[in-house]
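Colleague: Here is what each chain is made of, one letter per residue.
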Amino acid sequence: MNDNSAIALAEVRFTSRPDQLKHVRSVIRGVLEQTDCDEESRMSIVLALDEACTNVIRHAYRGNERGDIVLQIERDEDDLVFRIRDFAEPIDRSQVRPRALDDIKPGGLGVHFIHEIMDQATFLDPPDGDGNLLVMRKRIPAKQDSR
Amino acid sequence: MKYPVTTQGPFAIVSLTGEVDLHTSPNARQQILDQLNAGQSVLVDLSQVEYIDSSGIASLVEGLRVAKGGSQRFGLVGVSKPAMQVLQLAKLDRVFPIFDSVADGIAEAN
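First to last, the sequence lines map onto chains A and B.
Just so we're aligned, residue 0 is where the first sequence starts under numbering that gives the first Met the number 0, counting upward by one.
Just so we're aligned, residue 0 is where the second sequence starts under numbering that gives the first Met the number 0, counting upward by one.
If you are wondering where the hints come from, they were derived from the structure by calculation, not from laboratory data.
Some clues are possibly wrong.
As the list claims (entries may be wrong) - List of simulated lysine to aspartate or glutamate pairs, DMTMM-like, C-alpha gap at most 20 Å:
(1) B:LYS90 - A:ASP101
(2) B:LYS80 - B:ASP103
(3) B:LYS1 - A:ASP18
Model, not experiment: these values are computed from the prediction.
If we strip away everything but chain A, and leave its shape as in the complex, we get (with noise of 0.2 Å):
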């Protein structure tokens, strides 16, 4: 799944469980950290990758907890990239849309905060053909911060 040029930084591999989140958030911080990005990048990173998680769990396995679902977590030149795989039914990759932000209503607005966040953010078909591939990828932004 990797490109030639890409270094593996992390992989994450858990189950569709919401109770997975927060150790996964924790994993994610600890790799960002170990990165150029400066905090305020990094809490949005993580915000992006927990809420795609959050889709897979709500809207891919659908409140099926067995689902495996695997997080990649690469640095390829100034870019991080981010590979969340699912093995769930292909979702209608047309539905995943953000919804316009004047509408003040609960919901739906993890979408809107992965494209906010993210500098790109696709579905791919899978290498082997099961489930959803989301590949985001997020430039990283030099440390304004040294102390």
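Start from chain A and add chain B according to the hints.
Modeller: Coordinates of chain B only, in the frame set by chain A:
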């Protein structure tokens, strides 16, 4: 997880803590709605929130809508930096009444 709830006059203060996500937000939502359904106005204290996702934000939006429907007051108090960052990203930081402290929120209502 039960979040602390205290009462000051017509206000219930629901204090969310830690990481509010898909796992914990159903409890936050229920506790906020329980207070609103009991006729209380609600201030949600976010000062101890270390992380909040869209499901947590949705609980707050639902609280605001229910409060407006019942002519009750609803506001956020002591919004932590991580929570404010997410509210701003959702462009909701100007939708909620936001107060520095519980005392400020209550004073504003009087």
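Colleague: Check the hint pairing LYS90 of chain B with ASP101 of chain A against an upper bound of 20 Å on the C-alpha distance.
Modeller: 9 Å, holds
Colleague: Is LYS1 of chain B within 20 Å of ASP18 of chain A, Cα to Cα?
Modeller: Holds. LYS1 of chain B to ASP18 of chain A sits at ~16 Å (cutoff 20 Å).
Colleague: Holds or violated: are the alpha carbons of LYS80 of chain B and ASP103 of chain B at most 20 Å from each other?
Modeller: Holds, at roughly 19 Å.
Comparing the model with each earlier hint shows no violations; every hint is respected.
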